[in-house]
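Order-wise, the sequence lines are chains A and B.
Residue numbers for the first sequence, in my numbering: 1 to 972.
Residue numbers for the second sequence, in my numbering: 1 to 542.
Because the hints were derived from the structure by calculation, they are not lab data.
Given the structure is predicted, the values throughout are model-derived calculations rather than measurements.
Please note: incorrect hints may appear among the correct ones.
Claimed, not checked - These stretches of chain B come out as covered by chain A in the derived footprint (C-beta under 8 Å, 3 or more residues):
1) 219 to 232
2) 329 to 340
3) 343 to 352
To be verified - Ranges between beta-carbon positions, derived for each pair:
4) A/638 with B/230: 31 to 39 Å
5) A/549 with B/34: 52 to 60 Å
6) B/91 with A/604: 37 to 45 Å
We put the beta carbon where it would ideally sit given N, CA and C, even for glycine.
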Amino acid sequence: MSSNSFAYNENSGGGEATELGQDATSAISNSGALGLFSSDLKKNEDLKQMLESNKDSAKLDAMKRIVGMIAKGKNASELFPAVVKNVASKNIEIKKLVYVYLVRYAEEQQDLALLSISTFQRALKDPNQLIRASALRVLSSIRVPIIVPIMMLAIKEASADLSPYVRKNAAHAIQKLYSLDPEQKEMLIEVIEKLLKDKSTLVAGSVVMAFEEVCPERIDLIHKNYRKLCNLLVDVEEWGQVVIIHMLTRYARTQFVSPWKEDDGLEDNEKNFYESDEEQKEKAEKRKKPYTMDPDHRLLIRNTKPLLQSRNAAVVMAVAQLYWHISPRAEAGIISKSLVRLLRSSREVQYIVLQNIATMSIQRKGMFEPYLKSFYVRSTDPTMIKTLKLEILTNLANEANISTLLREFQTYVKSQDKQFAAATIQTIGRCATNILEVTDTCLNGLVCLLSNKDEIVVAESVVVIKKLLQMQPAQHGEIIKHMAKLLDSITVPVARASILWLIGENCERVPKIAPDVLRKMAKSFTNEDDLVKLQILNLGAKLYLTNSKQTKLLTQYILNLGKYDQNYDIRDRTRFIRQLIVPNEKSGALSKYAKKIFLAQKPAPLLESPFKDRDHFQLGTLSHTLNTKATGYMELSNWPEVAPDPSVRNVEVIELAKEWTPSGKAKKEKPAKKFYSESEEEEDSSNSSSDSESDSGSESGKQGEEGDSEDSSEDSSSDSESGSESEAENKKTAKRNSKSKGRGDSEDGETENEKSETSDSSSGDSSSIEDSSSESESKSESESKSRKVTKEKETKIKQDRNLVTKNVSLLDLDDFNPVSVPIAHPTPALSPSLIADLEGLNLSTSSSIINVSTPVFVPMKTHVLLHRMSGKGLAAHYFFPRQPCIFGDKMVSVQVTLNNTTDQKIENIHIGEKKLPTGMEMHVFNPIESLEPEGSITVSMGIDFCDSTQTASFQLCFGTCRRKLMSKIREK
Amino acid sequence: MIHSLFLINCSGDIFLEKHWKSVVSQSVCDYFFEAQEKAADVENVPPVISTPHHYLISIYRDKLFFVSVIQTEVPPLFVIEFLHRVADTFQDYFGECSEAAIKDNVVIVYELLEEMLDNGFPLATESNILKELIKPPTILRSVVNSITGSSNVGDTLPTGQLSNIPWRRAGVKYTNNEAYFDVVEEIDAIIDKSGSTVFAEIQGVIDACIKLSGMPDLSLSFMNPRLLDDVSFHPCIRFKRWESERVLSFIPPDGNFRLISYRVSSQNLVAIPVYVKHSISFKENSSCGRFDITIGPKQNMGKTIEGITVTVHMPKVVLNMNLTPTQGSYTFDPVTKVLTWDVGKITPQKLPSLKGLVNLQSGAPKPEENPSLNIQFKIQQLAISGLKVNRLDMYGEKYKPFKGVKYVTKAGKFQVPPGAYWYQGVFLTQRSVNPASVRILIEAASASRTVSFTDCMRFWALWTSISVACKGRGPLRHSVPDAAAPPPGRPEPGVHCLSLTCSRHARTGHITGGLAGSPKRPRNWPIIVHATLQRPLVYTPS
């Protein structure tokens, strides 16, 4: 370290030569016996001599010392002639080090650099591919404009080299040449075009990089290579994958139509199996131009999916942004798991990933809600990570989880990291405004914080309370009085200013206190911060207007003080206020309206997420991280209205063509081959009515099948689009009818397994059979299945009943929660316990008392209540929060999350007829008036299961035409 | 993409720079230093900094900053991930990634950086390939080189670079063919002040050390692959095989590498192997306080928990601590205020504890909160998630390799936030129990000097753990079948713990406890009963 600081001194004082000497000595610290200053020039001479000697070892030694100098950032350009001579050295290590030197200094000594060119030209023809490649690398790196033609020639030759490694280097050289001489663009594009056709995975990443740098607008070059790139993607090295995925995202946004709205429309149509056939026909006719995902679009989405499991965070993020920007909404959900996984890596990775999640979570809460706990803050996290996590938690907060979150926030407020504690308080404020149910609770909690010992905490609470009170013009006289008292103790300017503003704004509500506050502030005016002074002036003005009898003199005193203040803002404000409120001959028409001006209803501030405006940047980009457009950022274009001609991507080669999915299948949610996918879907929807314990199991099964489908699709030739389209639909109706028979009865895990087994086995046979035949088979099969199901169901139910009667006596449900409201409105019922939560916020009284009612670790496993397919777009999931139920002490609380996956509002969702076994009770949720498209809402219900395993069946009704769906919840 | 790289040490010296395009002046780092100053501590330096002409993307590793200069739009993670890969490579080559190591090997560092990036785009980042291009330094080789003048640089293109398996070099030869796998699992947990698990998940990795000749094609299968919730793979693994069969099939790189890392999410139940109880109390108007930590095993699956270290970040006002550990040794750093207690192994006979006095700055206000704890531990031969390797098969080569699998469980980010650990006077279960009666029973008891309670439970449970603790004298007894034996009570008054882990077969059990209070026992000493039932349970008080 001492030598380092020494070097700095040298830098400032000495000339170049001294610096050099210093470097040389520090580079060879062992031989540093020589004096520092005397031997400076000699040292370089020494190096020169060594370079000119005949011994390779001396040359190598010299080169190593020179590289050491370069690494330090010291100038070694003087040695250029001596070094360049060795470019033709036989010793490969010397050669490499000379290359390092050349690349560094050639730009500065262009004439001399030309001496080396002939060596490179010779090396370009070397039989060893490593030498060819490195010659090309150095030749293209030396940035000497004169050799542009030579470089161009070398690149052209190398792009046709037999070795893919050399071709890869050629791709890199393209970018270098382009930055050296942009006029070569046209020629370079030709080379890029040629290299894009390259089938080697080694080249793919580099050439796409070159494409992005040189001619990103020439999207037409990609058409013919699109499918190849998609198919090669998995085998390309990881860095190349990132570049290719980003490029393909852009490509997809220009070449395919949006899968978003239309996709949902399609689902909506599929769901109408309860309607009569006629109705359905009508609908089908209406839908003249259905959305079908371009098979190429599907290909991209499918082929990138395995990369979510890459070890490279950049690849995972790239795939995530691809899914976010181009996949159908319903499929984007799979990325959340992988992104959450990245949160285990280094803090830098966490930082970027959390930023992206923050942006995503604003738009689609549901995606990350299951991972809420992964965003809990650890005390060891750096502050920037903590604040980002807090941001995400706020975005994810909803009525259902707010109580848990507030409890969590309560711990954060106590954090030793005060910056973070302050951020938490702001967060509580935001939750309070976003979720109306907890506004009062939060406000109470924040008021408790006012008596905190830590000033920063208090100040932040004051500011937040101010905002909250402004939003709720209700009577909060008590809080304001309390805050007025704080003025004596609190010193943080923002907080003082906030309190003064609040008092001024509400001066008519606290008529006794306000003038007194003004009196105190007049006394301390000169010592206040500018921010506070301005608010004192404001307060004075407002009081003058409302209560001039008491405060006239005081205000005038303050105005006088302000008149001679050092800060011109304050002098300005003083002058302005005086003119406006104090009537004199000069004051114009405005002073009449002074009261209206000062005491106008101010709009409440919007507490918004700082990530709100980031969504227009492509995720995962530098611009997104910085929230400004970085140089070279390319906007994602909007989806085209009409898809450009898809045939441009056709390639003559037949092997490739086989790899696309047949078009009919592609539009489905999960791409899979004919019969297989059907049976899967069936399994899926039957999952929704009963609840299978093997959630993860069935999912992984699906993945497996998907993997297969890729292989199998090679065998199957593609169908014509329209044909398979309608076929698929017929299939579905048939299925649906058969399924609806079975649905009336409760389905059960066992039978379901049986079902899927049978269908599995048959799928094995049918995969090779023609489309149509396999359909009919599946139809008949599912019918027979449903019959079987009904029978088994009946017996099951009987058994269940017997069990119940036995169990009831054993079960004794009681709860330790004191809240025992038998039936209550969900919203107010939430608050009592919440108040208890937030009371803990008060630090001075904090003790072990609050420890009592905290939830035990709960497995957050959700179960499907209603699958979106069977619910015509309404999907419902439920889970047991394992918290004391607010509806009654015998009830188990169940939280149901409803999702609208259609593109229309779903109205009037409520619970209809209930079929409960004896003894069971159920507290339903309040009817939901409407659910926006893409919206989701979480409601809580209470069910008294009598501690049995019986199911609670009920009708979930929604829509105008009273669609009813039988749903069941069973305790787990 | 990446324009330049600067390596900066902790004291702000730029000790290495490398440019892949034209030279960028060192002064660009001033923006970085500015940000560093603003950030107060190194952890908070923003990874991405915007300057008028460049963007700086940096990572902090091993007390060094790797600052890269970027000129145009690039995915930040791309750069971050690459910089970490550079640091990994240094680690791999020099054994450590430190300023000294880099300075000593500056030529190799330069050669490496030259190979890893070309024009700012990654060229070769696989360690197997790099090692063929540039030989790692060894003492022997450097001696030989200095005598013979031979070089560190390979002159043939690594074979891997050309094939579809760029991670493996050709012509590997070993006399002993071995393949070792280490299954290492870390438990990340936040345990809240009431002792319940706020968050728990298991993060696991399988690190492999493969020394096999030729081109072996391995496939590794698990007994229970469905446990793996989310997996990320080394590029050598064939995705399709995993998706269809849940088998890891791969041609391994040579040497050490990370095969997969996975997550077992909190949706599966995570057994927490230890519990900690800690308290800190300060007397009014005095500059001293009492401090007390006890640690004990919870669900250890019958294995010893070793290497336990407890780290406590004490409040700033603490001057020093005077403690006595019953086991292990402790250090307190008065500058950073970090208390480290190296506990070692837990033997259930005697629970390790650390108690004593805390001295505060005189006149300073009492700290508001209890400090939070971080715990480290290790359990050998156990993967806490239950993951088991089924078999390893090798194809493509004729010899018989030696195979081995090792399991280790460690604490990852295992954290106990401030506050008391136990419920007081509440028999708490997850739900559906009848807690009221127990509570009454115990509250009544805690007022008296002698406590006894007997209750019968019927479990529907899978895993259940019950702990009973009290301050007082006398042994605790229980009669839960299949449960671990309770520790014998200690003769002196103190904390008695009874921890039971019932196996899944235990359908019913009794919990019996009796505590004879010492005559001196104050009335307000709490009796604490804590039970965590992972599954609903039907409970009938007798």
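Hint by hint, here is what the structure shows:
no.	hint	in the structure
1	219 to 232	holds (count 5)
2	329 to 340	violated (count 0)
3	343 to 352	violated (count 0)
4	A/638 with B/230: 31 to 39 Å	33 Å, holds
5	A/549 with B/34: 52 to 60 Å	55 Å, holds
6	B/91 with A/604: 37 to 45 Å	54 Å, violated
Of the numbered hints stated above, those contradicted by the structure are hints 2, 3, 6, listed in ascending order.
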